[in-house]
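Chemist: Since the structure of chain A is provided, determine the placement of chains B and C on it from the hints.
Residue numbers (our numbering), protein chains in the order written: chain A, 1 to 494; chain B, 1001 to 1126; chain C, 2001 to 2497.
Think of the hints as simulated: they come from the structure by calculation, not from any bench.
Note that CB positions come from ideal geometry on N, CA and C, so glycine has one too.
Accuracy of the hints is not assured; some may be wrong.
[Claimed, not checked] When the alpha-carbon atoms are kept at most 27 Å apart in a straight line, the in silico BS3-like pairs for lysine-lysine are as follows:
1. C:K2110 / A:K367
2. B:K1122 / A:K167
3. B:K1122 / A:K367
4. A:K105 / A:K167
5. C:K2158 / A:K367
[Stated by the list, open to error] Not close to chain A: a few residues of chain C, all C-beta gaps over 12 Å, as computed:
6. S2062
7. A2144
8. R2166
9. K2440
10. T2443
11. Q2486
[What the hints assert, rightly or not] Reference listing, derived: stretches of chain C covered by chain A, where coverage requires no fewer than 3 residues with Cβ under 8 Å from a Cβ of chain A:
12. 2185–2191
13. 2364–2378
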Amino acid sequence: MTDASNPLLILLVILPLMAAPVCVLMRNAVAAWSLSLVVAWAVLGISIKLLMELNTTPTMYYRIGGWDAPWGIEYVLDPVGGFVILIVAVIGALSMTYAKASIEKEIPSERIYLFYAMMMLCLSGLLGIAITGDAFNLFVFLEISSLSSYVLISLGRDRRALSSAFKYLVMGTIGATFYIIGVGMMYMMTGTLNMADLSTILPTIADTRTIMAALAFLTVGISLKLALFPLHMWLPGAYAFAPSVVTVFLAATATKVSLYVLLRIFYTVFGNVDVFATFPIQPLLMTMALAAMFVASLAAIWQHNIKRMLAYSSVAQIGYMVLGVAIASEAGLTGGILHLFNHALMKGALFMAVGAMVFATGAVTLKDLEGMGRRMPLVMAAFVVGGLSLIGVPLTVGFVSKWVLVSAALDAGMWPLAALILASSLLAIVYVWRVVEVAYLRPVPEGAPAPAQVPLSMLLPMWALALMTLWFGINATLSTDLATQAARNLMGGL
Amino acid sequence: MSDVFPGLLNYWIAIVLMMVGFYIVIAQGNLIKKIVGLNIFQVAVFVFYISMGKVKGGTAPILGEGIDVYSNPLPHFLILTAIVVGVATTSLALALIVRINTSFGTIEEDEILELEHADDAKEETS
Amino acid sequence: MLSAPDAILAAILLPLVGGAGVVLFGERHRNLREAVTLVTGAVLFVIVASLTADIINGARPSLIAYEMMAGLEIKFTVEPLGQIFALVASGLWIVNSIYSIGYMRGNAEKNQTRFYLCFTIAIASSIGIAYAGNMLTLFVFYEALTLSTYPLVTHSGKPEARSGGRVYLGILMATSIGLLFLGLLWTLNIAGTLDFTPGGILAGKAEGPIVGVLLFLYMFGIGKAALMPVHRWLPAAMVAPTPVSALLHAVAVVKAGVFSVVKVLVYIFGLDFLNDATADNWLIYIAGYTIIAASIIALRQDNLKRRLAYSTISQLSYVILAAAILAPISMIGAAMHIAAHAFGKITLFFAAGSIYTAAHKTEVSQLNGIGRRMPWTMTAFAIGALSMIGLPPTAGFVSKWYILSGALETQQMFAVGVIILSTLLNAAYFLPIVYVAFFKAETKVDGHAHVDHGEAPLGVVIALSLTALGTVALFFFPDIPLGLAQSMMAPEIMGAR
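If we strip away everything but chain A, and leave its shape as in the complex, we get (with noise of 0.2 Å):
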């Protein structure tokens, strides 16, 4: 192996680190547009290129200020980070080239600025805990892509906006806060911080109470951020009146980088400890998961607001990934791995319809949507898209990802398991039919003013996105093949 040290790992992070403060400078809305457009780009570019590079040398680092882990803090990429950094870096670029219109009109203007610095930090914060290798890095990380999205989502129109990012924010530290818990814990126990360092020394004193409670907060923590059963409370109100770009950017990549979280700590931690067979986690996270998915689809149905909606099919649908992390075994991790690459391509487009029916006509309600097949058909299209995605439709990732999901039930002998991942997604019909059949069975509202017209801008994003969802379908190739290489070189460390 070649010297595996790569400089372009902090590039990624420091790139949109340093200009949130230019943007916050600069004071003018289109200027900072421009930089963080560019900037989201480059870091796409970047991340494209490191997952090129990942198939030669399948780890990368590099130490800061050049001191070596364990003393240094060492940045860390292999392929699961690589595939998380990937789908982080799609939407952060797409979004950014959406969020132009989109935030002009949701946003006051001498505030827009502001809103760019806060997106940058945001991704800055996501990208650096999917590459950080130091657990107390990556509680910085996770504080700051946290707290830049309280803010973001305050910046929502309806006064809703900030009672649900307060929420956010009283549950989002505390979920933070048992974060460090756990890692406090680990340090008294091993004195080390630096991931790699730590799954040496874990096994010899996994069974000790101090590893096991650390791992409790550690779990319970990420829970929080991951928005898993029945620690999602914070989500549908944050995400259903987070502006609508924002709702995006966070559906698409928050949640999805949490349960990175979830999957480092399981799997390089704890990475020479069988962490399922050590400690009763299994069946927890099980019936969680199972909760979730059945639990907020069921809440999704009775939804008027379509964001709200589609929220609570976000606590679903991580229902799913962390099903497939609770397999435990290299198909299930695959699973949950693919569908979270997949449900962010799906919830991405699915938020980003809805953002460009706000945009066009200020419909937030289900009532809002009737005729809508009519008068914004395009954007409709991409909607029925993303739906059928959830539903599981073949020819759509959503068929993909229940396709690994219920092999790996079925593979490891769980068959109930796999009858209820099905039932599970019986309901997504039933939510995402509600909103097809007003759209396009009810008739256009008497004298309502013909939609605005859609800038590109909103809706190439968006298609770029649904026919991802339908490309990544049809040709799961490349994706799955991504994710079963993440998924065995983090069950390599076994």
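Modeler: What follows is chains B and C alone, placed relative to chain A:
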């Protein structure tokens, strides 16, 4: 017993503080009080970290003549970061509370919830 | 001439190309748009028919069209049963298009372009189902068929269309995703493959209760086969315009259902395997129950299309019953019945639509004396009815003969009883309609706008005459479907000897 109770006194304090803070966050309806609770909750963790770095008989980790036992500085340094994060969180929360007060006219959780439900209901019927 | 694999691809893609043409011409060039539909139909039929001779002679052209990911292949294989289905669907599409043109224009329906477009997608999906080489491909096209027919069912956009569509989509999607998909993945898990293989893929790999569970998942997962209690979508779908009910809900969609059932029984389970596993008996009883219960419900329906819908449910279970008898000869009957019922039922639906277009009548009780005003329509109706009952000289007689022979050969007395009883019931709900139409005096309804009506538009009459003719022709010349059906069962029949 004695090495669990008085022996691990610092942890007991951390736990008690944490529970006090947690309880305030959950039980108090006033948003400011919630944030105070959240602060106490975080401080408990700070105490936990700082006390864990203490080595019996150790001094501050500054190299000097005749000093060979000193406390572990890393947790202290870590908690410096966490304190900064805590301050940021608190100030952001307070800013949010100000905004909530102007738009809802109250900072009592149950009243806000009521107003939110009213908003929801308006949305459904409109 | 196209090579066989090219022909398969062409048959699936051609309707989609036609669909693009339909959209291209749109409402502004209606005649061109309809011409595209007809030409596409004709070319499609020629392509499909060109494969027939080889298939009868034992060729099984196959092609892997696409690999979605490792182990997930879209694969097509033409085998006799699929060929029968493809022939029926593509052949009747031409006739149905002629009928649609008359009907849609006669009733001045809205959104006709969307209508024709969805029709082409539905046909492409049906061909895809017919030629599917593995269960995954079948499933993909099965779902495509459900989705593409939803806009057709809800075409009018009225509240009853909305609720009908809800039931339609709800049941079909719920069964396919909840049960069929699970069965499919489970099969893959056990057998390691999903390819349709003569003799089945489960033999020696599954045993005990799992076979029963799988069978349950398949039989009720294929909601399109309308086995009770998952039959409710079919009456609900009757809110659609009549050409949709005729081609899709008498031919393409429902036949896709029973076709899948037969295909699963023959090529996934394998008859011998099922015979040994003996987990299959309940299927005969469920099918028998469906036949009788649906017939009794049909008796009580006054709405003509609903009566036909329940008749369809009952007739579909004939195919399932025939397959569940698990004798090669009844399997031939099942295959034959797919074709025979298609011709008969489409004729009946055409007649119902014809009555609606000309006289705006929808209820059985309004039909007194209508035979004198619409002799062509009602004659065709009578022929269709005879075929449903299973009397010569109609196609229904041939298929019933084979099914009955199979039942007798295997001593399945329950099946024999069901067939006899249901024949009586069929007669009881069809013959009165024919009787009142021709022999009762017309009841005058004052103020009815369509009191003095004659026959329906020409396109409608031509179409229903053609299918009625086809119903009779299949009795005298059943060679092609019979040849295909025997070719399907050749391995089993050889094995038995």
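Chemist: If a hint holds in the structure, say so; if it does not, say that too.
Modeler: Evaluation of the provided hints:
no.	hint	result
1	C:K2110 / A:K367	holds, 24 Å
2	B:K1122 / A:K167	holds, 22 Å
3	B:K1122 / A:K367	holds, 12 Å
4	A:K105 / A:K167	holds, 25 Å
5	C:K2158 / A:K367	holds, 17 Å
6	S2062	holds, 21 Å
7	A2144	violated, 7 Å
8	R2166	violated, 7 Å
9	K2440	holds, 40 Å
10	T2443	holds, 36 Å
11	Q2486	holds, 33 Å
12	2185–2191	holds (count 4)
13	2364–2378	violated (count 0)
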